[in-house]
Structures are given as C-alpha cells and as structure tokens.
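Novice: Sequence:
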Amino acid sequence: MLLRRHLTAVAQQQQGFMRIQATAHQQFLALRVQAQEVLLRHAVGAGLSRELSAGKARDTRSLPHSVPQPAASIARERAPTEDRPSGPRFTRAQLEIHADGRISEIFGPAFAGQDGYARQVRMPRPPLLLADRVTAIDGAPGSMGRGRIQTETDVANHAWAALCGRLPAGVMIEAGQADLMLVSWLGVDALNRGERVYRLLGCELTYHGELPRLVDTLRFDIHLDGHAAQGDVRLMFFHYDCVNGDRPQLSVRQGQAGFFTDAELAASTGCLWTPQTQAIIESPRLDPPAVASMPSELGREQLQALAAGDAAACFGPGFELARTHTRTPSIHGGRMLLLDRVSHVHGAGKPANAGSGSPWGRGYLRAELDIRPDQWFFDGHFKNDPCMPGTLMFEGCLQAMAIYLAAAGHTLKRDGWRFQPVPELPYQLQCRGQVTPSSRLLVTEVFVEELIGGPEPTVYADLLCTVDGLKAFHARRVALQLVPDWPLESEESGVGWAKRSVPNSSPQIVGHGCALAQPTEERAPVVDGFPFDRQSLLACALGRPSQAFGPMYARFDGPLRVARLPSPPYHFISRIQSIEGPIGVMRAGARVVAEYDIPGADWYFDDNGARVMPFAVLLEAALQPCGWLSSYVGSALTCETELGFRNLDGEGTVVAELPPGAGTLLTEVELTDVSASAGMIIENFSVVCRIGGREVYRLRTVFGFFPPEALAAQVGLPVDAGQREIFGRDAGPGPGTREQRRRPQSNRQTMPLALLRALKRPICPSGSRVPGPASRLFRLPHAMLRMLDRIEGYWPDAGAAGLGQVRAVKDIDPGEWFFKAHFFQDPVQPGSLGLEAMLQTLQWYLLQQEGTDTMESPRFESIALDRTHRWKYRGQVLPHHRLVHTTLEVTGRGRDQRGLYAIADASLWVDGQRIYEATGLGVRIVAGDAQ
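Just so you know, the sequence shown maps onto residues 1 to 931 in this note's numbering.
Just so you know, the hints here were simulated from the structure itself, not pulled from any lab data.
Source: prediction; values computed, not measured.
Heads up, the beta-carbon is just placed ideally off N, CA and C, and yes, glycines get one too.
Just so you know, not all the hints are guaranteed correct.
As the list claims (entries may be wrong) - Derived DMTMM-like pairs: lysine to aspartate or glutamate, alpha-carbon spacing no greater than 20 angstroms straight-line:
| hint | residue 1 | residue 2 |
| --- | --- | --- |
| 1 | LYS413 | ASP287 |
| 2 | LYS383 | ASP100 |
| 3 | LYS413 | ASP557 |
| 4 | LYS350 | GLU450 |
| 5 | LYS872 | GLU889 |
| 6 | LYS383 | GLU96 |
Claimed, not checked - Simulated restraints, written as ranges between beta carbons of each label pair:
| hint | residue 1 | residue 2 | range |
| --- | --- | --- | --- |
| 7 | LEU560 | ARG587 | 17 to 25 angstroms |
| 8 | THR641 | ALA308 | 33 to 41 angstroms |
| 9 | ASP602 | PRO455 | 32 to 40 angstroms |
| 10 | ALA801 | SER293 | 48 to 56 angstroms |
Build out the structure end to end from the sequences listed, making use of the hints.
Specialist: See below:
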C-alpha cells in the first residue's frame, strides 16, 4: 500500500513538473552533477576522460524541464496499466522497418533528414529484434526530452533462443531494447548525424521469480529519465520494468548509455576492475565439489555434448550418473553457445598461477570465444554498426557459471533441473568495451566468491569479459543457482513426451475368440476439484508433483523427490477410470480402476519374440496403478524426508495373451493393508486385469516406501549352497549341436552377445533358419527388450530334477533406456525387466530341447499361461552396478495340450549379491499366431 501511494505521488509530481520551474531546475542541476560523475568515473576512453576533466557538462538541445531522480531497485506491485501513455503504436513489421529501413516511413516526414545517414540508432534486426510491438510512446518527437515507451514480447515468437522452454536471462534483458526506439523517436540522430553510435554503459538489474516460459507475454515499461552532454558526447539515463502477466519479471535501474564516435570507442581504456582490489566476503560458504575431481579444461566438442544433454561425454569419468538423466541441466547449443572452449577450471583452494586463476583461491573458470566477422549476432546488431550485444556477453558469462556448477558435479542428482540467476538480488553490470568483426578473442572469466552445495546449489562470482586484452565487461557478485524443473513443462520435451505416450490403437479387436472392448474416450474423475486426467498421469511421471495429485503435493514441487510412475516408453496407464476412497488418507479399502489402450503397434510388440504383449509390460500395466494409488492416498506425505517406492513381493497367474490392438486393458486395484514403522511403509494390494470382460491376470503384491539409507543398506536374499554353487561354477558346455552338448566338457565357453543378437532372426531348434513368413515368430526378444548379453554357463543335466541349469549375464550400462524411464530422478532397473531376464534365459533353455521340429509356426508364449508364478525383490539394480547374473534351475519340463513347456526357479544377482528370486516361472512353445 505504501509503495502504491509512493508511486502515485511520483506520477502526480511528474505531471506537475512543467509548472514547478524552480524544483525542476534543481533536479536538472542534480542530474548534471550526476552525469559529470558518471562520465568522469566511467568514461569510455582515456581521451574522453581528459576532455571531460577540462570542461563542464552542459545540457543538450531541448533538455527536459524536469528529470526524476534515479528510480529505486524495486519492482512495481502490478502491471503498469495506470497512467498509460496514449502516443503512437507500432507493429512488428514497423519495428523491422526501424531496424533495417527508412525510419521516416514509420516516424513521419520530420525524420526524412536522417534517412541518408548510414548509421542511425536503430532497433536490432531479427533474430535479435525481440520486441514484437510498441503499445504506446510518450514524448514529443524530435524533442530530445524525457520519454516513455511500452512494448510487448511474445516469448513463443523467439523460441530459437529458449532453453528448457524458457527465455534465457541475458536475452530477456535484451528484450527491453526499445530505449533505442524511444531515443530515436526523441530525435537523437539529428544530433548524431551518422557519426555517433549507441553503446550501453551499464545498469543495475534485478530478476523476479522464474524465467519466462514460451507461453508468456512480457510487457516492458521503459522510461528515458534524462540526458547529459560534454562537448559532442551525449549520455542518456533510463530505467524499465518488465512484467509477466500480473507479476514482476525484471527491473532495470540506473541504466546508462552513450553515443560515441569510432575514435572514442577505439580509445577506450576498459573497466578498471581488478580481482586483487575487490573487497569480498571474509568468511565465505565454500562447499566441496560433488565429484572426486573436476575437469581442468573442456573443448568445443565437450561443450556441445553438454548443450546436447550429455554431461557424461562432456566431463568424463565420475559423471556416469548423468547418462540416466531424462533432461540433464545444460547450456545452450547451436548459435546460442557463446563459448568455444574452457581453458582453465580451478576448484576452491587453488590460487592463481602463471597468469591464470583467481587470487581469491575460491574457484575459477576461464572460457574463450573466437570472434569471426561472420558471427550471427553481427548482422542483426546493428545495421551498419555490427557489435556483439552486451546482454549476450552476460549470457555467455551465465553459461560459464553453469559449466562451473556442472563441472563440480552438482547436476548429477538433479535430473530435469535448470540454471537461473538468483532472483531478488541487484546485479551491477558495467560495459566499457565492444566486440566487433575486427575483434579476435573474447575471454570470459568467473571469479568464484562463494559456492553453496545445498538443496539448490548456488555459485556467487564476479564476471569479467576481456576483448583482445581490453576489459570490456564486468558484473559484480552475480549468483546462479540450480532450481527444480520438470521435463513435461518445457515446450520441446513436454510435448514430445506427451505425443510419444499416446498409443496408436488399432480399431481391429482380436483376442481369445471373444469380442473385446473398444478403447474408450478420455474420462477424468475429479476429486476435490482436481481432475485426474491424462496430463496428471504424465505429470506423475515427468511433471510437477502438484500437477499430478493437486495442492497436497505442492511440498514436492521443490528439491524434495517423490515416488513417480515410469515415464514413456515404459508408462502403461492411459487414464484413470474411477477412484474409491478419500484423497490423502492412507488406509486400506481405497480402490482405483485404470485403463491402458493396447496399441496396434508399439516397440514392445516389435521387440518381443512373438507379437504378443511381453510379460514385463503386462506386469507393469498391473503394478503401475498400485503406485498411483499409493500416491493418491498420500503415503509420501506421512514422512518429512524423501522415500523411495519399491515392489517387494508378488504372486499371480496369467490366463490370456494380449496381441496388438487387443483393446483397453482394465486394471482394478485395491489397497488391502497398510502398516508403517520406523519411517517405512508397507502396503498390500490385490490386482485384477481384464479386457472385454475377460480376466487376463490376477495377482497379489506388496510394495514399500523406504528412506534412501534403508534402500542403500539392503543385504539381498539368503543364499543356500545350491544357489551359490550355480552362481560360482565354472561355465559348462557352450552352444553347439545337441550331441556336442551331451558330451562332458570342462573348458569355459559362453554364448556371446553377437550370437544372442543373431537369435532375433527366426531359428529352428536345430539351429537352421525357418523359411516362410510365419517363422519370424520363433525368436528371443531383442533390441530394447533384450535383457541378456550372453549365456555364460549351461549344465543340461544339473539340478535336483536333473533337467538342467543355466547362467546368463547382462552388462550394466548407466545409459540404458530403462534407467531414464524408471524413474525420473530415481533411476533403477524395473523389477519386471529382471523377471523378463529370467524368462528369456528359460526361453533360451527351451530352444536347446527337442520336440518342436514338427510344430507349425512355433512361437513363445511370453509366460506360460495358467501357471502361478511368485517373485521376491530384496535389492535393486542401479546405474553404478557392473554385472547382472541370472541363474535358473529347471524344475519341470514336458508337453501339454498347448505345447512344449519348461518350469524353473530363478535368481537375479547384481555384482555378486542375490537380490531377486522367482519360483514357478514357466515358458511354453506353442504353434500358430496369438488368438
């Protein structure tokens, strides 16, 4: 209220300035003194400094009768709609004329006299023309008095500059560029006469809130507060406010710009700042890096890798976890990558030496950009006056700060986050040099003052840009932080994920001889005013938690992680059909019915051994609604710390296969029991999957919520002598003929990855290729679904039943697709894919047996139907692990009315620890296509 009254009083005072000559004169004198001080302290060149020292500043023609004091570094409380100027408006097309055409065409014949000047004060040309329209101008044309201009920028029109779906901080400053058009309207080129060009000298800027998104429109209210002159040198003083909707976005205060000749610019002595003389915090916060060692230098290819989202390729060993990221915090690529290389990176504790580094010893980075005459920003900024915008220098500095934070390892556990300047802090920017086509090298230096590795890692640093040895730009104590963000909310990633996850359902309905339900249209149950629609499901995987479950999950919209659904391509819920039970109440009895539209074509049908839904996908479609229901009842809200969500046990029976386009799978889930103790929560569920009214899968399962330390401390499953023996036994006979496999062999042989890959092609049990189109169904899964790299051991007569034992191996790659999909910010191999590895090992075993030579079009069932299977998980496969072994012992083998089958008990081991077991697991070879 006080601020509004103050602003109103200021506006009234400005309206009365013409009538209060004495006050206006005193204000003008104060401005003149201020101008002298600015010119003397920050003169562009040594020659200019001497000239100013010999004389006194005078007013320019038609100086205003009144000039307000510089505005304070605060933002308006609301959009500047009051006291709106009523002057002319200009369209985007007219702004482009101002940037590149005859200015008199839009300003009128009074400006025709300057049309012949090669150089004028102009708006930048596209793509750096960031203002989309002028909504008002206040100020007499040609008066060289005070003035005001209001512009709007539709961020979507400038998506070329966006990063993570947001306008970068430096580019947003540049969008407030219409002080150029305002001073042009006020007639500066009648004085410059083509001999002087505009250069920004400095300003104080303050960001407010988050950076603008592509859907936003920015409104700039720019005030030219006054002018000053010394001889032919003129200065202008300005400030502006930028609002985004009804909230402040950016405040610029104490803006200073001047108009200089080429000689004056060439004589610049640059910034006088030195790190040795800068007063800094005596007791800084300096947290150690999050990695064992930081890289000492980075080349262009490494920076491009970081811009492409591959931090591991950029920084090398120690950054493998970044390969699991859905969207790693990164910097701009393409033309907006404003650094060619990083020549020096120093962590805290390493002082300057050999002319490089920081005398503060708190951290340092030095980057370089080679300047070429054909660089993209020269053409647009400005016509006949090519120079790099100072705002892009600042953007390059922010990129360098982001690289420093990333090189220190602070992005590794922050998948989806992004960089932004810390808001509500004033930053002082000073420009005292220029980058032109004749320049050779731009050096950017980051002098770290503080580094805080807390929940939102932040670096405070002074920034210095040097052009061919001249200190051209300095910014004092700029703060850059990592902040939570969500891939779903960025334009390029969110739309992509959404499109990728919408199934391409076929209208053809097929199944086990019965009519199945057609996919239904979108239906969204609403609870307490919150719609649980498709977008909320995707938000549960990749978005803001409060957009997945409403306001009760707003506490997880920050650094705290929360349990999530898998993301595409491992996301198997199309919609929530119905919910029973109150939201946020963790008790038994809650129910949900989820739907999954089975597509007519998708990756898992292509990658499976037969064109039926793989068991891993069916299991996920059954289990994912359990995870959703756990979040709906508010399980994570019962604890103040982060909790990981893991499946523990299950028992079920599959009774039908699901071919492509089978219809809509309905999964009914009931939370049957809940218990909580010592910061852990155990929840039991009953699950039934149906399609077209027919039951497909029935199971009971147990999930748990655990603190990170409890998950890390898991000791796995007990190991008996037989299990230990098969895991550690030397490999037996490898692949060969059946006769060869019957003969004892002691040497170690394995089936390598290359041969396993070959099995994605059709094969007969004898090893020959099967002719005909139907033969393509008889193969092991491949590509994304392949969970084996090699068969390491096969003992055909081993085991209690004498039916054989097998050991298979998979090498863990942190870049595997499933770490990205399961889960966002909590990468772990899905347990369903561990069971899939067991089934594939058993499929390989069955391929070694006789009895299928006479079968017509043999193929695998993904799991043997009508047989109960059980599983137990007591550990997890994480990106840092090296090897997964799958061991199985065959307990039954035979032929029934459906075909040839094998039953086994299996274990999964990670780096020598037994973490999964399954009993009663079966596969079957049957004849013909799925029905």
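Novice: Hint by hint, work out which the structure violates, then give me just those numbers in ascending order.
Specialist: As far as the earlier hints go, not one is violated by this structure.
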